[in-house]
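Top to bottom, those sequences are chains E and X.
The first sequence lines up with residues 29 to 451 when you count with our numbering.
The second sequence lines up with residues 29 to 451 when you count with our numbering.
Derived from the structure by calculation, the hints contain no laboratory data.
For each residue, glycine too, the CB sits at the ideal point set by N, CA and C.
Take these hints with a grain of salt, some might be off.
Simulated pairs of lysine to aspartate or glutamate, EDC-like, Cα-Cα distance not exceeding 16 Å [what the hints assert, rightly or not]:
(1) X/K282 - X/E362
(2) E/K60 - X/D318
(3) E/K246 - E/D433
(4) X/K60 - E/E202
(5) X/K60 - E/E362
(6) X/K303 - E/E344
(7) X/K295 - X/E450
(8) E/K303 - X/D318
(9) X/K54 - E/E175
(10) E/K60 - X/E175
(11) X/K346 - E/E344
(12) E/K219 - E/E251
(13) E/K54 - X/E175
(14) E/K346 - X/E450
(15) X/K48 - E/E175
(16) E/K219 - E/D247
(17) E/K282 - E/E344
(18) E/K60 - X/E356
Label-pair restraints from in silico Cβ distances [as the list claims (entries may be wrong)]:
(19) X/G268 - E/K246: 53 to 59 Å
(20) E/T177 - X/E51: 34 to 40 Å
(21) E/T177 - X/G66: 50 to 56 Å
For reference, the chains in residue letters:
Protein chains: 2
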Amino acid sequence: MKDVNIALLGMGTVGSGVYKTIEMQKGSIEHKEGLSLGIKKVLALEYSFEIPDSLKAKDFYKDILSDPDIDIVIELIGGVGAAKEYVLAALKAGKTVVTANKDLIALHWPELNSAAKQSGAGLYFEASVGGGIPVIRAIWEGLQANEITSVMGIINGTTNYILSKMEETKQSFESVLREAQKMGLAEADPKNDVEGYDAVYKLSIISSMAFHAHVPVKDIHREGISLITQQDIQFGSELGYTVKLLAIGKKRGKTIEARVHPTMIPKTHPLASVKGAFNAVYIHGNIVDDVMLYGRGAGSMPTASAVVSDVIYAAEHKNHRYTTFYNEENASSEVTFENNWESEFFLHFSVQDSPGVLAKIAGAFGKHNVSIASVMQKGESADSVPLIFITHRAKELSVQSALADIRSLPEVRKIVNMIRVER
Amino acid sequence: MKDVNIALLGMGTVGSGVYKTIEMQKGSIEHKEGLSLGIKKVLALEYSFEIPDSLKAKDFYKDILSDPDIDIVIELIGGVGAAKEYVLAALKAGKTVVTANKDLIALHWPELNSAAKQSGAGLYFEASVGGGIPVIRAIWEGLQANEITSVMGIINGTTNYILSKMEETKQSFESVLREAQKMGLAEADPKNDVEGYDAVYKLSIISSMAFHAHVPVKDIHREGISLITQQDIQFGSELGYTVKLLAIGKKRGKTIEARVHPTMIPKTHPLASVKGAFNAVYIHGNIVDDVMLYGRGAGSMPTASAVVSDVIYAAEHKNHRYTTFYNEENASSEVTFENNWESEFFLHFSVQDSPGVLAKIAGAFGKHNVSIASVMQKGESADSVPLIFITHRAKELSVQSALADIRSLPEVRKIVNMIRVER
Chain E
29 MKDVNIALLG MGTVGSGVYK TIEMQKGSIE HKEGLSLGIK KVLALEYSFE IPDSLKAKDF
89 YKDILSDPDI DIVIELIGGV GAAKEYVLAA LKAGKTVVTA NKDLIALHWP ELNSAAKQSG
149 AGLYFEASVG GGIPVIRAIW EGLQANEITS VMGIINGTTN YILSKMEETK QSFESVLREA
209 QKMGLAEADP KNDVEGYDAV YKLSIISSMA FHAHVPVKDI HREGISLITQ QDIQFGSELG
269 YTVKLLAIGK KRGKTIEARV HPTMIPKTHP LASVKGAFNA VYIHGNIVDD VMLYGRGAGS
329 MPTASAVVSD VIYAAEHKNH RYTTFYNEEN ASSEVTFENN WESEFFLHFS VQDSPGVLAK
389 IAGAFGKHNV SIASVMQKGE SADSVPLIFI THRAKELSVQ SALADIRSLP EVRKIVNMIR
449 VER
Chain X
29 MKDVNIALLG MGTVGSGVYK TIEMQKGSIE HKEGLSLGIK KVLALEYSFE IPDSLKAKDF
89 YKDILSDPDI DIVIELIGGV GAAKEYVLAA LKAGKTVVTA NKDLIALHWP ELNSAAKQSG
149 AGLYFEASVG GGIPVIRAIW EGLQANEITS VMGIINGTTN YILSKMEETK QSFESVLREA
209 QKMGLAEADP KNDVEGYDAV YKLSIISSMA FHAHVPVKDI HREGISLITQ QDIQFGSELG
269 YTVKLLAIGK KRGKTIEARV HPTMIPKTHP LASVKGAFNA VYIHGNIVDD VMLYGRGAGS
329 MPTASAVVSD VIYAAEHKNH RYTTFYNEEN ASSEVTFENN WESEFFLHFS VQDSPGVLAK
389 IAGAFGKHNV SIASVMQKGE SADSVPLIFI THRAKELSVQ SALADIRSLP EVRKIVNMIR
449 VER
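Use the sequences and the hints to build the structure in full.
What follows is the structure, given as structure tokens:
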């Protein structure tokens with residue numbers, strides 16, 4: 029039996045889950061893994077429940093960093109202030125760090141990775157993406173034979189809940205958001221989830237892992253779901269699609285595209301059945317073809333499962349693994365980030381119901397080499413009618429140029445939405 | 029850069045895929061993992077394509093076992109004859125073995141596991157279950173914080189293809205099977221897949237891993253899909269269910285139930301959208317809640333992805349992990365295998381359309397404490413009509429007793445099917 033002495037930083041939702049998990053599972057982990065996990069110190073401003081006074085640390089440096097018995101530091105403070113300071117100090121001192129902090133990893137990964145490599149400490153962050161889903165482990169230790177060419181993830185539970193509910197109940201975005209806020213599924217200020225920031229951080233981590241190249245947050249295109257209308261969802265549904273906020277990373281040679289935006293996917297796609305607060309990541313490897321991992325993307329216990337599994341992994345493996353970023357270590361391996369990706373597009377216009385409008389719009393598409401796969405006009409009206417196009421695969425910038433032309437047509441009342449389509 | 033010298037035993041479908049994968053991915057694996065994989069010897073009766081003569085081994089013992097440079101033996105011969113002999117010899121000699129051989133692992137795991145432990149060699153078999161899906165790694169290295177209480181898998185592609193096609197095209201089992209045989213998706217003698225034997229072997233492996241207790245093939249209940257009728261599928265569909273051949277393992281305390289049989293699951297269940305030749309395993313852990321892994325369950329390249337990923341894993345980790353079977357090592361940890369499990373049941377009778385028959389059948393259920401959740405009678409006829417019951421949760425043996433009583437009722441023409449329901 030090997031003793032593993034742990035310091036826990038932070039005792040909020042996830043911290044409490046980790047504390048409980050270690051207490052609950054102690055016996056079974058001893059039995060199965062031959063490891064005796066013990067929390068030796070907890071550093072927190074507030075405690076969700078009472079813990080023995082002897083465990084309470086007053087000072088990170090004095091009570092944790094300088095205690096040679098502490099092997100592993102679990103960082104669940106969040107943010108990049110104190111969390112970054114403590115994590116870097118721990119890594120430099122050779123203590124392995126397990127964290128659920130997506131901001132910290134997405135923003136400071138190369139720096140943390142180097143510090144860990146230098147001292148030989150481990151740096152683990154399974155819980156930073158997809159809650160309890162072991163997706164980072166799968167990429168790192170299950171699909172290594174592959175070059176991964178694509179990841180597509182539903183990695184934000186709040187937006188997935190809102191979009192699922194909008195489809196199910198035919199309510200507006202605003203009304204479902206208010207409901208989600210009441211249920212505690214969306215924050216009072218929902219911007220971080222709803223506008224896609226949370227998904228961008230997670231995509232930075234998962235696509236960097238998948239492509240072995242650092243994909244910084246600043247190189248990820250971001251659009252949220254707040255402009256998705258009930259009509260978009262209904263029209264999409266009639267055409268066989270469902271709308272999801274997808275985090276998409278693709279790699280071809282040394283070119284990477286990374287984008288978070290509302291996306292239409294066929295209802296038969298495995299990601300389409302991922303409902304509510306669940307998350308899933310769909311991965312394409314050049315040898316394995318398609319793989320999907322699905323599970324609870326957030327919550328105290330699912331996230332604690334990932335944290336404690338990382339602790340066990342770190343304690344069992346003597347040689348820690350580090351991420352190889354080609355583009356950080358070798359200037360000749362520099363990757364380029366693509367902003368003119370190819371996709372199909374769902375285009376939703378509100379137009380005057382008059383002869384010739386279809387021809388004019390089709391003309392604008394033709395001029396920019398955007399080819400149309402299907403058109404749907406809904407209803408008749410003296411005023412305006414919805415007109416929907418699905419394009420064949422086209423370049424993003426060509427579609428943007430066509431939209432600029434279409435916007436200036438007098439018969440076009442509004443470009444209601446442009447939603448990219450993936451299969 | 030670390031050299032990894034490999035001997036490949038067998039050069040059929042998977043062997044060829046492994047050979048090609050190592051050739052194709054050599055550069056990328058060197059770059060990402062710091063490992064130079066090289067096939068040093070191939071032992072095969074026939075070669076799917078030409079390989080250099082210098083690689084061809086004539087004798088396992090002389091050319092492979094006694095070559096101290098060979099670190100890892102990949103066994104893709106299949107079966108438990110020569111494969112078992114070579115694997116055991118390699119493990120005893122301290123050579124790590126990677127295999128895709130489900131029969132070998134399911135039937136001789138404890139013996140192989142002990143041999144590996146004794147010499148310190150590694151024993152890896154990700155490819156034996158679920159093709160390219162990294163499900164064994166996920167259980168071993170991603171969900172260790174959990175006690176896994178349930179696994180439910182679609183782990184046989186042939187039966188999943190047949191059931192998906194029956195639902196889609198409304199054809200009979202026999203007609204879809206013939207089509208699958210023509211397409212090479214089912215064997216000329218389809219018994220191994222269609223009657224559930226293949227799934228039993230895989231369930232033995234995956235439930236043993238999940239529960240840390242050896243679940244022998246002989247303790248797994250097995251039923252195939254050959255008696256599933258088009259009517260079963262249609263009636264199930266009307267009630268909101270889809271039929272899948274599920275491999276189910278559950279653990280409560282020291283009691284394990286393990287069974288492979290056709291199962292109705294709600295159409296909204298994530299497993300319901302697993303179509304055609306795809307596989308998926310749905311896992312419940314006490315901390316993480318539900319997790320599902322999905323991907324290609326067979327095929328040359330997907331299986332090679334698992335094999336080569338195992339090779340990389342084995343080469344990177346100095347201390348190999350072994351499976352802890354409580355029930356092999358410690359008599360007081362003996363588990364019991366349950367045959368009187370609880371489930372809901374879909375029961376399909378063909379009955380004479382006469383007054384009183386419903387009351388008699390309901391009486392038989394009541395007598396054996398089986399409570400009915402819903403009843404559906406289809407059509408009217410002078411002769412016989414289908415009568416469908418869905419029960420509440422009930423004990424297997426109670427339902428069997430009720431069915432014995434019902435079989436003897438003169439109004440009951442036939443018990444068409446009894447299909448268990450999981451959620």
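Results of checking the hints against the structure:
no.: 1; hint: X/K282 - X/E362; result: holds, 7 Å
no.: 2; hint: E/K60 - X/D318; result: violated, 21 Å
no.: 3; hint: E/K246 - E/D433; result: violated, 29 Å
no.: 4; hint: X/K60 - E/E202; result: violated, 46 Å
no.: 5; hint: X/K60 - E/E362; result: holds, 15 Å
no.: 6; hint: X/K303 - E/E344; result: violated, 37 Å
no.: 7; hint: X/K295 - X/E450; result: holds, 11 Å
no.: 8; hint: E/K303 - X/D318; result: holds, 13 Å
no.: 9; hint: X/K54 - E/E175; result: holds, 11 Å
no.: 10; hint: E/K60 - X/E175; result: holds, 10 Å
no.: 11; hint: X/K346 - E/E344; result: holds, 11 Å
no.: 12; hint: E/K219 - E/E251; result: holds, 11 Å
no.: 13; hint: E/K54 - X/E175; result: holds, 11 Å
no.: 14; hint: E/K346 - X/E450; result: violated, 42 Å
no.: 15; hint: X/K48 - E/E175; result: holds, 14 Å
no.: 16; hint: E/K219 - E/D247; result: violated, 20 Å
no.: 17; hint: E/K282 - E/E344; result: violated, 35 Å
no.: 18; hint: E/K60 - X/E356; result: holds, 13 Å
no.: 19; hint: X/G268 - E/K246: 53 to 59 Å; result: violated, 47 Å
no.: 20; hint: E/T177 - X/E51: 34 to 40 Å; result: violated, 18 Å
no.: 21; hint: E/T177 - X/G66: 50 to 56 Å; result: violated, 25 Å
Checked against the numbered hints given earlier, the structure breaks hints 2, 3, 4, 6, 14, 16, 17, 19, 20 and 21 and satisfies all the rest.
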